[in-house]
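Protein chains in written order, with my numbering: chain A, 2 to 313; chain B, 26 to 238.
Treat the hints loosely; a few may be bogus.
[Unchecked claim] Only pairs whose alpha carbons sit at most 30 Å apart, straight line, appear in this in silico DSSO-like list of lysine-lysine:
(1) B/Lys89 x B/Lys119
(2) A/Lys142 x A/Lys272
(3) B/Lys89 x B/Lys111
(4) B/Lys190 x A/Lys142
(5) A/Lys278 x B/Lys226
(6) B/Lys161 x B/Lys89
(7) B/Lys89 x B/Lys121
(8) B/Lys161 x B/Lys121
(9) B/Lys226 x A/Lys272
I should point out that these hints are in silico values taken from the structure, not numbers from a laboratory.
Residues per chain, in single letters:
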Amino acid sequence: MQLDVSPAVLWSLSGLYAILIGASLIVVLLRWRGPDNQRAELVQRIRSWWIIVTLFTLAMVMSRQVAVVFFALVSFLALKEYLSIVPTRRADRRVLFWAYLSIPLQYYWVAQAWYGMFIIFIPVYVFLLLPMRMVLIGETKEFLRAAGTLHWGVMTLVFGISHIAYLLVLPQEKNPGAGGAGLVLFLVFLTQFNDVAQYIWGKLLGRHKIIPKVSPNKTWEGFLGGVATTTLLAFLLSRWLTPFGWPWALVAGVLISVAGFIGDVTISALKRDIGLKDTGTLLPGHGGILDRIDSLTYTAPLFFHFIFYLHY
Amino acid sequence: MARLLRFIFYGGIVRLIVLIVLGLNVRHRERLPTLGPAIVVANHNSHLDTMVLMSLFPLRLLPKLHPVAAMDYFLGSRLFSWFTLKVIGILPIKRKVERGDDNPLEPCNQALRDGQVLIVFPEGSRGEPEQLQSFKGSIARLAENNPAVPIVPVFLHGLGKALPKGEAILVPFFCDVLVGEPLRWTGDRRRYMRELDERMKLLASEGNFPSWE
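Build out the structure end to end from the sequences listed, making use of the hints.
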């Protein structure tokens, strides 16, 4: 039951708090020099970070089951946010209920460490079941759009995010220094760090737009600066948290930073399609939960299969 | 005992469902009344409407909060009546007035004189999911009877998707709550109704929600 929290994981979590304290101090200093609106959002954003990091820490140190439930809850909140902002058909109300039911099942396979089921349940069974349920209701108008919309949400927000939780149940002895928790920290921290790094590099040096149609504020300078910083950090952290030697650590860093960027702009494209700036109001200063985990929808499955292929 | 149950019901179960299973996006929360007497009027699509409106207020106001509800629907068997009256805390009124009855709104007037906050659904009953119906005239009469009491219009969106009339399965959706500026008695029933109607439509258009087909 008890997840053995290794010293490496505890040190990393302490590092997170050190960063938060640093960020809060900077904000206090900025406030001294006079308030303005942009800073008010920054204050909110950092306050939300404190809550996110505290919940994350509690989930990670309490037990493996608690951590799995925590990620199931993240999937639930994200899927709910997604289904609330995308257009759904009135006829599909009960189909959506079945889509939600995939969450407890998917995370149950994770808790049981049943890899075979975990990896096919949503791509095969849920994929086939939901359209069948829709056909039983019989509404054919906009059928394809509704089926596609629903499946995309379940794949990214349930299947994709559940890969973070599966890292926790991988055999601990393959990563003796930090176990599954170490891998989760490595993935989640680097993904979130990469978001911040790309933002800061973009603010400092940003000149050339990278994907103006989808995300006009994103620049090549921000993207490359983020990749470089995240890769360097991946190299530094990998000794404690992962079983990688330095060459694979660098590859992991590039993978996370590039995939994180793609996940981010994919959700941006979704928001632009619907005509929203933020996906919700759950996390003041960030927007909705989708705004926060957008990058993870790409990094989680890709990082998982990267390490799974190399080490498990 | 009933007070404690009511506290547990609204403070625990209802808040858990409203905030975790549903989730709210509230706009202009500061416009909600902070003390009685006041009337909150909202559009009505789901049994969840009452639960959401009750959750918008701090728990210290709970003893003063009462949803106004139809006597014939909510006062059935003894156990059910006890639950609706004591735990949900409805203020029952008669839907059909017979000759010789007192003013059917008198219980509301009395509650407002006692400084209570009433939750009223002037559409009467829950309509088609996610469609605004016109308000019934008794809300203007209530305003006329209590000219000093502010009436706060609230537009609810999404609850008719989560639990529409006639459905037993709750499907989670984030719901939007848009609180309007308080409105006081203007001196003329028809004008008052028009004003209230316009405020509701304004709130609905502020949300810019797509229709649900």
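**Request:** Enumerate the violated hints, using their earlier numbering and listing them in ascending order.
**Result:** none
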